[in-house]
Structure formats: C-alpha cells, structure tokens
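*Asks:* Let the sequences and hints guide you as you build the complete structure.
The numbering of the sequence shown is our numbering, which starts it at 10 and goes up by one.
Keep in mind that the hints were calculated from the coordinates and are not lab data.
Glycine included, each C-beta is placed from N, C-alpha and C at the ideal position.
Just the calculated beta-carbon pair ranges, DEER-fashion:
#	residue 1	residue 2	range
1	E236	I173	30 to 36 Å
2	V178	E60	31 to 37 Å
3	R175	A249	34 to 40 Å
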Amino acid sequence: MRDPADLYQLHPGFDDVAGQAMLVCLDGFVDAGHAGRQMAELLFERFSAEEIATFDSDRLVDYRDRRPSMTFRENTWIDYTAPKLALYRMYDDEGAPFLVLHGPEPDREWELFVAAVQQLVDRFAVSLSVSAHGIPMAVPHTRPVTVTPHSTRPELVAGHTPWIGRVEVPGSAVSLLEFRLGESGHDFIGYAVHVPSYLSQSQYPRAAIAALGYVTGATGLAVSTTEMEETAATTDVEIAEQVAASEEIQRVVTNLERQYDDIMSSHSEGDTPGSPLGEDEVGLPTADELGAELERFLAEREGDGNG
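*Replies:* And the structure:
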C-alpha cells in the first residue's frame, strides 16, 4: 500500500490536540431525512472550525459522478467550489474541544483513506469516533425517534435493544472506517437514526435532533439544539396538517403506530423484537404509495426556500 500520509496535508499549530472525540460526518451515503447533514450543518453554523488536516480531493472524489459547482457571469467563469474533505477542531458550548471529519465520502481508495484517518486518530490520540446518519424505516412520525446503534465494542452500546438481526447492505467509507478502527483497537460508535420512510427524501429536523442527542450523549459534548427545535416544531405542524388532509396517509400512520407500539411493547417485555424492516410491513402500502403526497408537500416547501 502507498503511504497514507501522502493523502493529506497537516496544518501547523495543532500540537496541543490530544484525547478528543472525533465526529465523522461524510456526505454521500444513505442519510434519510438528511439527519447527518443537518447535524453537520448545525455544527459548522454554530462553531468556528479550525482546519487541522486537508485531504487530496482530486484523488478521492469522482467529479463526473458528483460535479462541483462553478459560477458563470455574462461571459466568463468567476468561481469554482472545489470539494473539501478535512479534519477540523471545534469548541462546544462549554468550551470543550472536539474534532470533526467532514466532507464528501471518498469515491476511490477507501483502504488508503481509512489508513490515513487511522494515522490521524493515532497522532491525535482520538478518544472516541462517532458517526450518525438517517435510515428509512417503517416507523411513524408521531412516536419518539429510535435508533440502531453499532460499535467496535459491545460495551459501547450496552442498553440498546437491537432492531435488526443479520443483514447484508452496501458498504460505505464510514462503515469501513469503523470496521478497520475496531480491528486496531480503537473505539467507534455509529448511530443509524430511524426516519419514517415516507419522509426519507425530505429534510426531517426531528431525526437530526435525535442524531445530535445520541452523539452528545456518547461524547459528553454540549451542543444546543434550540434553533433546530424551533424548525422541527414548524415542520411538525405542517406534517400534521398534511396528514389531516389525507385519509390515506391517516390510515398508514395509524397502522405504523400500531406496529411501532407492538414492537416497543415486545422490547419492554423482553421478547425477541419484531423488525420494522421486514415481515411486519406485509399488507401495508409501499413507502412510495403511502407517502407520495406528504413527501411532495415537504419537497415543495423546501423548494420555496422554507426548508
């Protein structure tokens, strides 16, 4: 393997970085409800970000698959927005430092990228790596947001009842990073937040709030979600209005509520839980059938600049 250090450039002035948690926020894999993206956006809007290391995007990103934006004015190109994948340092609401690995998920050289990140984890003695993203599930928006946690050691997610048994899914750079860090003895926790399947293509603030709650719970970081709560409350009202206007959506939400309550009841009674991914959905409409109106409504809302 080529030297992983050739894949990134370290910036001077960060010799004091040691023993901090690292949030892994890579954009490109499954992220229902834009849960992970909203969480990352909140962090960069709320806190100043100091760039510690920058990765070589030219080697990692497939530009023809995800074309960077350029700005044209009248008769000339005036701007180019290059993709950036970098490691940053931020300070939370109480002044505690933490790291954020942020940018597009690499399209190429996953193993080399993971080895490079592991070098940075070792160099800065990262205490815990954490990721969060949304996955579509047959759950209703009227119930508390649930999650499927996973980790490099069972002790890190003790107390969480699994929602999913064995399943084979497409890989991601973040998943590979978690796997390789686990092999080398590093701690990593990932949170797959359950997003109602009929809202998976829309921006769903409740999922982002839940994602951030799990991340801060694992790391001890202090990050206010007041502004996001206000946005979520507005979205909740609009969803409720749309549900009230459609008997079909009401029927589907009622069925999902019944299914959700049965599963949660089996959790509390210690039974083997059912899975909202599989057999329990028999007889229910597909996500496209049950959520088309609601999804269209929220997409139009975002298109009007209100998302």
